[in-house]
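Fit chains H, D and L to the known structure of chain X by using the hints.
There are 4 protein chains.
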Amino acid sequence: MTNSPPALRGVVVGLGVMGSLHARVLSSLPGVDLVAAVDPSEERRQDAAATYAHVRSHATLAEALAAHEVDFAAVAVPVEHLPTAAGEALDAGLHVLVEKPTAPTEEQALALAARAEERALVLCVGHVERFNPAVRLMKRKLDEGVVGRVIQMQARRLSPFPNRDAMKGVALDLATHDIDVMRYLTGSDVSRVYAETEQRLDGEREDMLCATMRFDDGTTGLLDVNWLTPTKVRQLSVTGEQGMLTVDYLTQELRFHEHPTRATRWDTLASLRGGGEGDMVRYALERREPLRVEWESFLDAVRDGGVAPVTARDGAAALSTARAIQRSGSTHEVVVPAYRSVAAG
Amino acid sequence: MTNSPPALRGVVVGLGVMGSLHARVLSSLPGVDLVAAVDPSEERRQDAAATYAHVRSHATLAEALAAHEVDFAAVAVPVEHLPTAAGEALDAGLHVLVEKPTAPTEEQALALAARAEERALVLCVGHVERFNPAVRLMKRKLDEGVVGRVIQMQARRLSPFPNRDAMKGVALDLATHDIDVMRYLTGSDVSRVYAETEQRLDGEREDMLCATMRFDDGTTGLLDVNWLTPTKVRQLSVTGEQGMLTVDYLTQELRFHEHPTRATRWDTLASLRGGGEGDMVRYALERREPLRVEWESFLDAVRDGGVAPVTARDGAAALSTARAIQRSGSTHEVVVPAYRSVAAG
Amino acid sequence: MTNSPPALRGVVVGLGVMGSLHARVLSSLPGVDLVAAVDPSEERRQDAAATYAHVRSHATLAEALAAHEVDFAAVAVPVEHLPTAAGEALDAGLHVLVEKPTAPTEEQALALAARAEERALVLCVGHVERFNPAVRLMKRKLDEGVVGRVIQMQARRLSPFPNRDAMKGVALDLATHDIDVMRYLTGSDVSRVYAETEQRLDGEREDMLCATMRFDDGTTGLLDVNWLTPTKVRQLSVTGEQGMLTVDYLTQELRFHEHPTRATRWDTLASLRGGGEGDMVRYALERREPLRVEWESFLDAVRDGGVAPVTARDGAAALSTARAIQRSGSTHEVVVPAYRSVAAG
Amino acid sequence: MTNSPPALRGVVVGLGVMGSLHARVLSSLPGVDLVAAVDPSEERRQDAAATYAHVRSHATLAEALAAHEVDFAAVAVPVEHLPTAAGEALDAGLHVLVEKPTAPTEEQALALAARAEERALVLCVGHVERFNPAVRLMKRKLDEGVVGRVIQMQARRLSPFPNRDAMKGVALDLATHDIDVMRYLTGSDVSRVYAETEQRLDGEREDMLCATMRFDDGTTGLLDVNWLTPTKVRQLSVTGEQGMLTVDYLTQELRFHEHPTRATRWDTLASLRGGGEGDMVRYALERREPLRVEWESFLDAVRDGGVAPVTARDGAAALSTARAIQRSGSTHEVVVPAYRSVAAG
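Keeping their order, the protein sequence lines are chains X, H, D and L. Its first residue numbered 1, the first sequence is counted upward by one per residue in UniProt numbering. Its first residue numbered 1, the second sequence is counted upward by one per residue in UniProt numbering. Its first residue numbered 1, the third sequence is counted upward by one per residue in UniProt numbering. Its first residue numbered 1, the fourth sequence is counted upward by one per residue in UniProt numbering.
Next up, chain X with everything else stripped away, as it sits in the complex:
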């Protein structure tokens, strides 16, 4: 019989919507000991104490670090505090999973990356859609070449306004998901963006964006993102020379539409369905909660000394592209995301 490794001890910093989800997943994962939770709000701390008997709550990270030995931190504080909180955790020698978009600016995100590298710590950004089993299988199918060379990717991320505090606009809050997934799927970087944006509801930022992106490998990306739409949609389609793959993020369904192999030889049906059709397959896949897979991947990297499954440079790239979309929406000009020159520098 083998000994299992000692449990990794974690602290959740920030007990808002995402922090609470992290606490729930961490408290149910084998091999993990969630020892502490941090939030300035006493009410949230009491809620956490009522829900997780073995978790101690603290008002500050410093207080938590003074009271416990900890191996890693989940940092889920408001965007403007992400760099400070993540930096403090890294300085204390903790591996860190930081919520997207990593930081308010690319520079801050890359500074965190440098800090983690110096200390040889795992710093992972919480781009949770990358761990969606349907996205993972899509990546494998693309690598196997089922659609041939990729020409275009289209993402739709629509829903009614979420009624949360501190939403930062759909570019940062929503579009970063699909930007990251598209970078992951193509393995290519964003060379230019153009966007039309709109702000109708009260708030600091845009609540609708329509954007095109061009990747270095020639792929076009299309983003249709807002929180004005009455129904919730989370879809991605990838069109290649040999067919199309589509993902429904919510139901975790991956479909492959083969290029037409059989003609439709009846006008009545051809007018509605087109001149031909190939097989369509919805692949069987093991459905899992993406956030749980994210944590397993992070913890594997911590245990094995591997690289983060989503690096801080990935986080900076998605953030930078989202910022470019916002800028293009204001200036009505084509924008090269800032991370391209920083990265080149």
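Simulated from the structure, these hints should not be mistaken for laboratory data. Computed from a predicted structure; not experimentally measured. Where is the CB? At the ideal position from N, CA and C, for every residue including glycine. Any given hint might turn out to be false.
[Claimed, not checked] Examples of chain D residues toward chain H, derived with CB under 8 Å: (1) Ile151; (2) Ser159; (3) Leu228; (4) Thr239; (5) Leu272; (6) Gly278; (7) Glu333.
This is chains H, D and L only, laid out in the frame that chain X set:
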């Protein structure tokens, strides 16, 4: 260069809804010369003359036969006249495609079968759904064993009332389609039926039926048929030990649902989608107009001296089963279709 | 400021799949104090203790009753033990929510009903689908007459085999849901049933049934139920003279299809969609977990001294109809459910 | 009894795919006499003669005009010949329905408009989607304000490559449809466009485009158009402050999604469907063939001396916007469609 065979010369008897469809298809088929059309209504004859320049119209079949050399007839007169009209055509030495349900009674249908056999003529019944490309592919997939042993078949044939004259109730007008398809798919005969029926609208006959059928091979058939439903539905599903095949007759789509191969390991999705899933495939197939395929199959049989693709005995079996459903609906008893004892006799 | 009433104190008897769900809901409901849980399995008791800090676990109900003051019990033991456990709880003066199908036999179910009546206790059967918000809204729409007189109801309850112990066949485990819902929607009783059933997988009982039911008010019910189908389906449609209502139990969607008001005047689309169409509406509704609504309704009845939202007579009727389906499946005869004569006696 | 007006006499110029459709519709419309058809191909002329007994075929329009008295022309020749053919017909005093995109250049399209105005002739451009009953009802619903102020419109027009000769790229062949519909729906003009385009298949022009458009009234338009996708999609959605309307051009379905009115109070469903929902309605509408409605509208304008339902200026605007999309795709710059300055001059 080969000589093509001489064109087969045809007459359409009856220019109602189905007869007009036969005329349209026959006038566009290569290798066929539609020479005459028969209907007692002068208005319908004039319509046909205006539409098909080369087709002569006649008030009676006798008149048409006196005026033209003809090889085959499409008989699409009202149900009560089917035996007379089809019999007259057979007696004149014509191959015959007779509309379903062949005749008002099983005995008349079988008498027509005997008459065609004596004269070595092709007598085919117009069960057009059997020529639907999606049904044909389903048959092939079943024969290949993709779902293993078949346990159950379910057909739904729902629509608003069609507003045609002379409808004979949903058992004869609609359910005969699915009864014939189920006999075709299983290659097995109906051993008993039970039905609940209802007549709400004006008319001679039932406008709703819910029926179970049991086939000799142990398969259960379920029929949900009416013309009371606001939307048009034409669907068939076949469940076997290894999976399920479904056909949409209207869009000619055939789907295969494989038995679960991957578990769903997230309660949120499992509660909505079940505990696991296999691949789902919508097969590519060449879509064609079923009525055109029916005619090609009939004409092939005529040219090659083969058997009718749907025999008069098939027609009698579907008719007999529909009659059994009507009787069960009235008596609230389980009924053995009459063709079983006639056939055994 | 008003005083809220004292919390009702509850015990969960049986910690299998359903019992665990009851425990989860009860531990999160305001106005309820889940004080104890009962199961003969030590492992299950330990799991419960780990999950619910304030709940004491006991091996028997007697032990729990000796240790705590309790107002009500959730009884979720295997079917054969339901009468004993529910009876013990009633004798101790507890209000009882007993899992469907209430008991193995109609007589036992009705005996429980009598016992509860004598003691003026609320005895409710856990037919959870009746509390599905989409079913409740369907009931209201039917009562408002949106589809006019109801002609037919059809339920499909399909899924792969659930891999649980002690499944009692699809008639008891699955069909009882839809039988109860149909009685609730029509307010009418089942006058006869006929069924074809099949047992393919290992187990004591049928794993497929196709059944027709006739209700006293003339409505026909159709059941298509199995655990052989690769995909999970939970659907109900109700067809009336003026339109159709459909429920998806899983997504809690209620749709109304109005009878055709506009003709389709283009053959290409008419051949696919029928000759006309009315409005179709998916009604907005507040989605909630049905089990939670069930508990709220039960607890309201306890507090107000009202009748159980699903009575033991309802439970006996559904059970009795399911037994009639099993018998019809064996004898190939039309069966009148036994509760009709018992109730008449 | 009133006398019906004399039939309008028409000629179809060009017997390719679109011209043949015009001939079919015109030969079945009451109040119209299709007298002649023009095509340089003898084979096409023979086909037309075989199909339409009363229609004479000619190699040139001049020949047809010499032989017949004609009131109007359907001009459906290749794009580069559209101005010459339409101009010849106008000069001969005919009302003209010219196929989209009207002409190769905006200037030519506007010159045709001027020519028609001088002669007080109806010149209509064949933007057939504007006559789709679902689009017309969408326009009415928008004017009634059901979605409030419009924020965004999105069109998807995807299909496999159509395998026709002389396709001019997806901007001209496909996107012009949606550009015209969006101008029609908003009553507003295009102030700027940006596009990413791609040419993968052989041919002169782009086979994929992703474009944003901004209209004068602030609405954003998004175009996702290609002939690389395995399945045929023709969809339009319009999102406003109060809800969303969607059209499926193929099935002629119009749906309205009301803004959320009821909260979803169960996490399991909320995670999949969002935090709330309003009613969703699919409106009943009379489905008709759009091309037939287009002809009826054109002929009404001819008879009543009214304006064309789609003017040559509309045609020039759609063409100009499509050209701007092509230019943006080449230059990677934001482009103001040329018709804005021409129209201003």
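A quick look at each hint next to the structure:
no. : hint   : in the structure
1   : Ile151 : 6 Å, holds
2   : Ser159 : 5 Å, holds
3   : Leu228 : 6 Å, holds
4   : Thr239 : 6 Å, holds
5   : Leu272 : 5 Å, holds
6   : Gly278 : 6 Å, holds
7   : Glu333 : 7 Å, holds
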